[in-house]
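> From first to last, the protein sequence lines stand for chains A and B. According to our numbering, the first sequence is numbered sequentially starting from 327. According to our numbering, the second sequence is numbered sequentially starting from 84.
Careful, some of the hints might be misleading.
Claimed, not checked - The calculated lysine to any residue pairs, modelled on SDA-like cross-linking and capped at a C-alpha distance of 20 Å, are:
1) K792(A) <-> E407(B)
2) K572(A) <-> R342(A)
3) K528(A) <-> Q149(B)
4) K351(B) <-> G333(B)
5) K631(A) <-> G734(A)
6) K729(A) <-> K193(B)
7) K174(B) <-> K401(B)
8) K456(B) <-> L446(B)
9) K259(B) <-> A644(A)
10) K528(A) <-> K259(B)
11) K523(A) <-> S146(B)
12) K717(A) <-> A252(B)
13) K426(A) <-> K364(A)
14) K675(A) <-> A644(A)
15) K426(A) <-> E382(A)
16) K193(B) <-> G209(B)
17) K597(A) <-> D616(A)
18) K262(B) <-> R791(A)
19) K413(A) <-> E402(A)
20) K729(A) <-> G333(B)
21) K717(A) <-> R297(B)
22) K526(A) <-> L147(B)
23) K278(B) <-> K426(A)
24) K631(A) <-> K662(A)
25) K716(A) <-> G256(B)
26) K716(A) <-> D298(B)
27) K376(A) <-> S423(A)
28) K631(A) <-> K608(A)
29) K526(A) <-> G152(B)
30) K572(A) <-> F587(A)
31) K792(A) <-> W263(B)
32) K528(A) <-> G337(B)
33) K413(A) <-> S423(A)
34) K364(A) <-> E329(A)
35) K729(A) <-> R322(B)
36) K729(A) <-> M270(B)
37) K792(A) <-> T269(B)
38) K458(B) <-> G412(B)
Hints in this document: simulated from the structure, not taken from any laboratory.
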Amino acid sequence: MTESFRVAQKIGLLFRPEDDIPRDIKDWAIGQLNTESKSIGIRSISNSQKIEPWPEEYLPNLSERAEMLRQLRLDEDLIQKDKTLSKIEMDRLLWISEKKNNIRFLDELRFSHRNVYAEDQVKQRFSLFWSNHFTVGISGTTRGLIGHFMDAAILANLNGSFANMLYKVTTHPAMLTYLDNIYSVGENSERAVQCRKNNKCKVGLNDNLGRELLELHTVSPAADYTESDIRAAAQVLAGWGTIVDKPQLEKFGLFNHWDAFVVNRAEPGTKVILGKVIYAGKDGLKNLTDHLASHENTKLYLARKLCQHFVSDDVQNADVEYIVKVWGQSNGDLHKIHQAVIERAIASKAPKFQWPATWLFQVLRISDSTYFLGWDDMHKDLNDKRMSAKKVFQELGQPFWAKRQPNGYSSSKSYWISGEFLERRLRFSEAIYNTAHPQFTPKEMMDRIGVNSTTRNLVEGLTGRKRKFIALMCSPELMGV
Amino acid sequence: MTKVEMTRREFLKLTGASLFLSAVPVSGFTKDLPQGNISVILLQGGMDGLTAVPPIGDPALASLRQEIGLSNPIKINPFFGLHPKLQYFSKLMAKGEASVVHATSFPYTKRSHFEGQNYMQGGGSGPFSTTTGWLGRALDLALLPGRAMSLELPLILRGSLDVDNFYPARVSGSSKPEKWLIEQITMAHQAEEAKAFAAVGQKVADQEKSNIPRDPVSLAQYAGEQMSKKGGPVASVIRVNQFDTHALQGADDGNHGDRLELLDEVIKAYRKGLGSAWNNSIILTLTEFGRTASVNGTSGTDHGYGSVGLLAGGLINKSRIISEWPGLGSADLFEDRDLYASIDYRSVCAACIERALGLDHDLITQKVFLTSKLKRTYDYIFS
Chain A
327 MTESFRVAQK
337 IGLLFRPEDD
347 IPRDIKDWAI
357 GQLNTESKSI
367 GIRSISNSQK
377 IEPWPEEYLP
387 NLSERAEMLR
397 QLRLDEDLIQ
407 KDKTLSKIEM
417 DRLLWISEKK
427 NNIRFLDELR
437 FSHRNVYAED
447 QVKQRFSLFW
457 SNHFTVGISG
467 TTRGLIGHFM
477 DAAILANLNG
487 SFANMLYKVT
497 THPAMLTYLD
507 NIYSVGENSE
517 RAVQCRKNNK
527 CKVGLNDNLG
537 RELLELHTVS
547 PAADYTESDI
557 RAAAQVLAGW
567 GTIVDKPQLE
577 KFGLFNHWDA
587 FVVNRAEPGT
597 KVILGKVIYA
607 GKDGLKNLTD
617 HLASHENTKL
627 YLARKLCQHF
637 VSDDVQNADV
647 EYIVKVWGQS
657 NGDLHKIHQA
667 VIERAIASKA
677 PKFQWPATWL
687 FQVLRISDST
697 YFLGWDDMHK
707 DLNDKRMSAK
717 KVFQELGQPF
727 WAKRQPNGYS
737 SSKSYWISGE
747 FLERRLRFSE
757 AIYNTAHPQF
767 TPKEMMDRIG
777 VNSTTRNLVE
787 GLTGRKRKFI
797 ALMCSPELMG
807 V
Chain B
84 MTKVEMTRRE
94 FLKLTGASLF
104 LSAVPVSGFT
114 KDLPQGNISV
124 ILLQGGMDGL
134 TAVPPIGDPA
144 LASLRQEIGL
154 SNPIKINPFF
164 GLHPKLQYFS
174 KLMAKGEASV
184 VHATSFPYTK
194 RSHFEGQNYM
204 QGGGSGPFST
214 TTGWLGRALD
224 LALLPGRAMS
234 LELPLILRGS
244 LDVDNFYPAR
254 VSGSSKPEKW
264 LIEQITMAHQ
274 AEEAKAFAAV
284 GQKVADQEKS
294 NIPRDPVSLA
304 QYAGEQMSKK
314 GGPVASVIRV
324 NQFDTHALQG
334 ADDGNHGDRL
344 ELLDEVIKAY
354 RKGLGSAWNN
364 SIILTLTEFG
374 RTASVNGTSG
384 TDHGYGSVGL
394 LAGGLINKSR
404 IISEWPGLGS
414 ADLFEDRDLY
424 ASIDYRSVCA
434 ACIERALGLD
444 HDLITQKVFL
454 TSKLKRTYDY
464 IFS
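My request is simple: use the sequences and hints to build the entire structure.
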């Protein structure tokens, strides 16, 4: 590959036909971090050449999402309780409500569009890295919140401090719901005391988010924290979050789902986490996330993870140390950290294996294919073999809207190598060739990318444009090995 | 709930379960036995051993488990019951074809899913200590093939050249890849990618079925069918997930019970698929940890330590509960919160390998579990 394509493969999504190939790739990559991020895509596959902004009506804010989720729950309750309905009729009514109120499918499509059509490809890659680091899987209402979480908690905070992103993520209703914190109540809180007195309700602590905040999001087990640290973190978190599809905001006199701290559920008293004293009250969480964000183990753990995702499969200590140093000097400024990652990714000549999802986006961009439906196509019965975005990511083994574990998808190459995973690469290449109308021939792409001789020999040794297309996309070079 | 007041000592006398002798391994002991097969069901998220196999005779159980205690467990003996959703498993126990190991775990006490899952599959000196898995290493030593019923090749099976995975593709607009094309692409690749592409070629050459449904039950049945064939895999791995019930765990019904019901169906499907090969089979469950002894504040349980292992298959000739019961009293709990694990589950896995694959215990200890000493539990499970 030419240097521009090599770098864009590692830290971006490769160049679309309308992109100018930058002459100074480092300048371009770092400049990309400041690109404006917009949701763009296509309205319909029948008019796929027109890339335009997503309609406002499909970009609901948090309170609109809460309202949609509430409506969805009401409809589901109503429909499922109606004994007069047949199964078919029930499914039909549920589907009507889903179309109107379940934003998840449009969010997942919008996510796909952004990655295929976006002008901010480097930001999309970093955004996906952090969305995966702070995994939110589907659990209850998160189906309607993940899209917002990715936009507002991750992408919007890519250029601020890690501490800021951590706090935004931790207090976002998607995270608070996914890791059960919305049910957690301090054992000595007013609410718990009252419950015990009346003997009418039972409430208490749930340590799920407290544990993952330490283990997965910040310091990692290398910090040697104890169960008492985890418990104390859970106590700091108690009282944060509300059940989004129930009228809890009103009940607790709150105004915003993203800033929902319910005082009478909070644990009183000071807590100690990894030696840091945290006082009771709403500010306690910010003090805790700030402390964790600046912890040495957090820097080390995340620098390594960033290197493994962007720089090389065989992580080099020198790269990790460089990122750690920048992290320290900049007080965890993500803009500077990302810049350092880009520098090391360029400097390292080692290949970087690409995730199935990233590879798919890259294949679609360089071949100029129209694979994902347009937003208007979503609810139509198209006589088209194309899969929904949901099915595509499921099949690739990387569904971001799914019931999944909070550790996210591995950045380790070996996880993604198996017969079944590689058969998917062959089949998706074929499906794209057959259904998504690539505008470039394999030869045109090879010339534009400047492929190496292994790739060229492989492709030129085959007959038939479809075979050449599949082989090019499944070549070591395009897979990043 | 049946309440049987019994001291720990009385119970142990009754079941004979405390007879944990330091067994003397007999070199080459199992070599002459006919080769069997082994299947591992990975229970992801941490199965609650006190829900799956409640120690109904332990006086502390009821108070620990007020909201999530079972109203109607299947009674195995005066001390232990089975969750009512483990119907099929209970029938196997009645027939002498299933056993339970209780209060057991890999020796890992830090309660992280991801360290625990890595360790239970890797089986080295601790979490993230190896890039191969214990079953893969065992198959490598025995020169026998294995298969995972999942999109990825899980860590547990890595370490042998003769392992593959099966999870049929559903990509609209694509067809079965051409054998010749795969060969060309394989040749352009190196190392593990080349091997994996070659595996795709092999599957195409074998004209393997691709219309198998991908739910765990259908996959278990198919795995059993494949294992029953001559030259088929002798090991298989399948996953049942979502055991991590921090909130609203449920009791007889509900979240955890649903997962146990699915597990029960998976075992049943294996039985069906294996056919007469069932007589040579051992199936065992594996989970990263148990859950807290008491209920948390949100009607669920948090990450714990000791759990339970379920064993099924024709290689078991007498059903039993193998346990050195640590008790649930406040002084008995591990770190004041969890069921203690008095049996190292690695030694249970080792016994299953010894029985199914015919490897020597010392060899398993050193080359499979990469340690110098592991108790031999073979006689407690298979005698």
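> Confirm or reject each hint.
Status of each hint after checking the structure:
no., hint, result
1, K792(A) <-> E407(B), "63 Å, violated"
2, K572(A) <-> R342(A), "44 Å, violated"
3, K528(A) <-> Q149(B), "11 Å, holds"
4, K351(B) <-> G333(B), "23 Å, violated"
5, K631(A) <-> G734(A), "12 Å, holds"
6, K729(A) <-> K193(B), "24 Å, violated"
7, K174(B) <-> K401(B), "13 Å, holds"
8, K456(B) <-> L446(B), "11 Å, holds"
9, K259(B) <-> A644(A), "44 Å, violated"
10, K528(A) <-> K259(B), "56 Å, violated"
11, K523(A) <-> S146(B), "19 Å, holds"
12, K717(A) <-> A252(B), "11 Å, holds"
13, K426(A) <-> K364(A), "23 Å, violated"
14, K675(A) <-> A644(A), "14 Å, holds"
15, K426(A) <-> E382(A), "15 Å, holds"
16, K193(B) <-> G209(B), "11 Å, holds"
17, K597(A) <-> D616(A), "15 Å, holds"
18, K262(B) <-> R791(A), "17 Å, holds"
19, K413(A) <-> E402(A), "13 Å, holds"
20, K729(A) <-> G333(B), "19 Å, holds"
21, K717(A) <-> R297(B), "14 Å, holds"
22, K526(A) <-> L147(B), "19 Å, holds"
23, K278(B) <-> K426(A), "47 Å, violated"
24, K631(A) <-> K662(A), "16 Å, holds"
25, K716(A) <-> G256(B), "16 Å, holds"
26, K716(A) <-> D298(B), "17 Å, holds"
27, K376(A) <-> S423(A), "30 Å, violated"
28, K631(A) <-> K608(A), "31 Å, violated"
29, K526(A) <-> G152(B), "19 Å, holds"
30, K572(A) <-> F587(A), "16 Å, holds"
31, K792(A) <-> W263(B), "14 Å, holds"
32, K528(A) <-> G337(B), "18 Å, holds"
33, K413(A) <-> S423(A), "15 Å, holds"
34, K364(A) <-> E329(A), "27 Å, violated"
35, K729(A) <-> R322(B), "14 Å, holds"
36, K729(A) <-> M270(B), "37 Å, violated"
37, K792(A) <-> T269(B), "17 Å, holds"
38, K458(B) <-> G412(B), "27 Å, violated"
In summary, the numbered hints that this structure violates are 1, 2, 4, 6, 9, 10, 13, 23, 27, 28, 34, 36 and 38.
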